[in-house]
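Q: Chains B and F, in that order, are what the protein sequence lines are. In this text, residue positions in the first sequence follow our numbering: the first is 1, and each later residue adds one. In this text, residue positions in the second sequence follow our numbering: the first is 1, and each later residue adds one.
Some hints could be false.
Unchecked claim - Derived coverage of chain B by chain F (criterion: at least 3 residues anywhere in the stretch with Cβ under 8 Å from a Cβ of chain F; other residues may be distant):
hint, stretch
1, 294-302
2, 520-528
3, 532-543
I should point out that these hints are in silico values taken from the structure, not numbers from a laboratory. Ideal placement from N, C-alpha and C gives every residue a C-beta, glycine not left out.
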Amino acid sequence: MNDTAKPRQWNMRAQDKQARLDSIADRLDGKLAQRDDIAAVLYGCIRSGDRVIAEGNNQKQADFLSKALASLDPERIHDLHMIQPSVGRPEHLAVFEKGIARKLDFAFSGTQSHRIGALMMDGTIEVGAIHTYIELYARLFVDLIPKVVLTAAFKADRAGNLYTGPSTEDTPALVEAAAFSNGIVIAQANEIVDDVSELERVDIPGSWVDVIVEADQPFFIEPLFTRDPRHITPVQIFMAMMALKGIYAEHRVTSLNHGIGFNTAAIELLLPTFGEKLGLRGKIATNWVLNPHPTLIPAIESGWVESVHCFGTELGMEQYVAARPDIFFTGHDGSLRSNRAFCQLAGQYAADMFIGSTLQIDPDGNSSTVTASRVSGFGGAPNLGSDARGRRHATPAWQDMAPAGDKLGRGRKLVVQIVETFQAGLIPTFVDELDAVTVARKANLAVAPVMIYGDDTTHLLTEEGLAYLYKAESIEERRAMIAAVAGVTPLGQRADPNTTQRLRAAGKVRFPEDLGVSHTDATRSLLAASSINDLVDWSGGLYHPPARFRSW
Amino acid sequence: MNTSELLQRQSFVELSARARVAQLLDGGSGRELLGPFERLTSPWLALQDIVTQSDDGVVISRGTVDGVDVVIAAIEPAFQGGSMGEVGGAKIAGALELAVEDAANGKPVVPVLLLETGGVRLQEANCGLAAIAEIHAAIVALRAWVPVVGVVTGPVGCFGGMSIAAGLCSHLIVTREARLGLNGPQVIEQEAGIEEFDSRDRPMIWSLLGGQQRHATGLVEDLCDDDVRAVRARIVEAVQSGDTAPARIENIQAFETLLAAIEPDVLAEADKVRAAFEQQANHAGAFS
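Could you build all of it, start to finish, from the sequences and the hints given here?
A: Below is the structure:
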């Protein structure tokens, strides 16, 4: 040992945090910062090169703080490494264009998907990786430990206790990573109250939070999961009927997650009608890992649903959820408690099935919603749509996926892709190579942004038929099964009719007539609700749709 | 409404024109005139590379509703926005003119118009407008003998020249989702500016043009649920009533007074419009 060396200090992070907070102490009243001081607070708390989380969730956005961040002087603050579950606001990208930030790790980009694609390709944004949510949270505790977290709440008290309520979403995971690694947590709140007794409940303890500020306006929240039943097409209803018969009933799927498209909305609205006729109530689709989809209301009201755990909330559903505490997870104040980290875990380990749509599928069954310049990220889909290899508990649906004669009893999660063979504008869904491959090359991504890997996909459902991919005995057979349901796309036209016939005979591919589903039965009259208005009626007036969905 | 009632409800808005007719007519009584197999298609759309429809988006059918002789003219909302072209317009006008002849010969046939239309088909311009004018004239002529029943349920609403046809009907039935107005929201926005009328502000649009507002201001007679049975029940009542010309149509003076009182530079709001109509109604007993 070299005794001339200074003994190592073991609390450098704590000292650094204290120094930063000391530098803004005269601007704070306890933990409370004045709105006008927010730039000074950020200059005090953030250093160039820091890892910073700007809470952009799927829905809730810490927009007051992210706008303040984007207005900083890049001469003083630059080269930030932003970590964001969702990049959903224009200012999230402005921090890169202005040179305040350089590197980005994220999961979902939603409305900014075109612009983010362009900025990645011209080198303005250096992307670490496009994660799935739970993967990004995981890295916050390993190799992406944040220095500063900018978060958002409905209410805060002066001690820093936060009420995040129905929109808790990612907040606990993001805040925990900083709060217990001597990072700094800055929270914006729509309203600041004096005492904890004035909060509906405490979602984040005050001791985890360093600075609070009252936002100039309530945080932005996006109704991402409202699908107007008016836009559900007969083809989607047809496919929903095939799904209910050929997958839900076939494998007795009780626990599940649905994607956010119209295909799965159609399934939700068919449960009380077509599903009821099949006698499936109580036998399938009882336990859900799902945001409070308005289109699930009829199924809940007619007794199909036992439980729903939510990633986030949905605008307009607050009162309905609060009035159904036996179904949803709610706090003692009555309002929903969402939690994306736990919900993603639940979707991975406890749900038997994920079913969702996509934009492109390649001959091996890999799928992606990344096309040309649109880099949307996939949020939770890569996690929900993959087999949980650590799973060790059996359910009938999961075990149904086990190979015949398997002595270990090892099942699989059902991962279902439900797509029409052509997208709008006659663009084939089935392609020889995913656009994601090109995008990865142009944007210098080490991993092509694939949403769901082909070998995780157990079922592929199109309007042409249902391929039970988990039954494939070889890669070649698997490809043939995919081609068999690819319709008249170039890939589908290469399918060999004799092979397809053999696959049908073996029950590896089923056509609608094999399932006893007829086009003429697939009418919109089968939907339990055909408009947003109907959903309001089903909810007994408890659902209050956002203005843009109203047609009365 | 309980769960089983909700499940039994069948949306009228959802139905195609032909399915609407089938639901309204007494079973087995329907006979379609100039049906799709006559292949009377628009001569104009094809010239503009637009796919035609073999009934040109209009279904005409004779039959009975609860035993009353009717002719139903149903506009297909899913074809070209329910627009009135030369052929479709002429089918309606011709049907109404035959009904005038029948009525004059002592065989009253009650017309029921299912108006789901953005008005004239722009691709057919004057040909469509001429047909609409003929429809107006025939409705006025028919009212001397029989009630003329108009139904607007959505999803398109009833706009343009066909909104005048609706206004001429002796009995108008709407749902909450229906919209009724001379100019559609986009047209108003385009002409008057987004400050005057934001065509994406759905609650504002329905608050001014929607079925509830039109009913509250006495411009339509019936407001009913979007349910096939409910719509049919209202139509049965209307075709059986002998009332051919409600005060809404006759008292032009009252409308002129109301119009004169409107200040065009004040932004219209639903409550104020209702109050103005109410005041005028109390004044003149006009709108009931």
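Q: Each of the hints needs a verdict: does it hold here or not?
A: Do the hints match the structure? See the list:
no. : hint    : result
1   : 294-302 : holds (count 3)
2   : 520-528 : holds (count 3)
3   : 532-543 : holds (count 4)
Of the hints listed earlier, there is not a single one the structure fails to meet.
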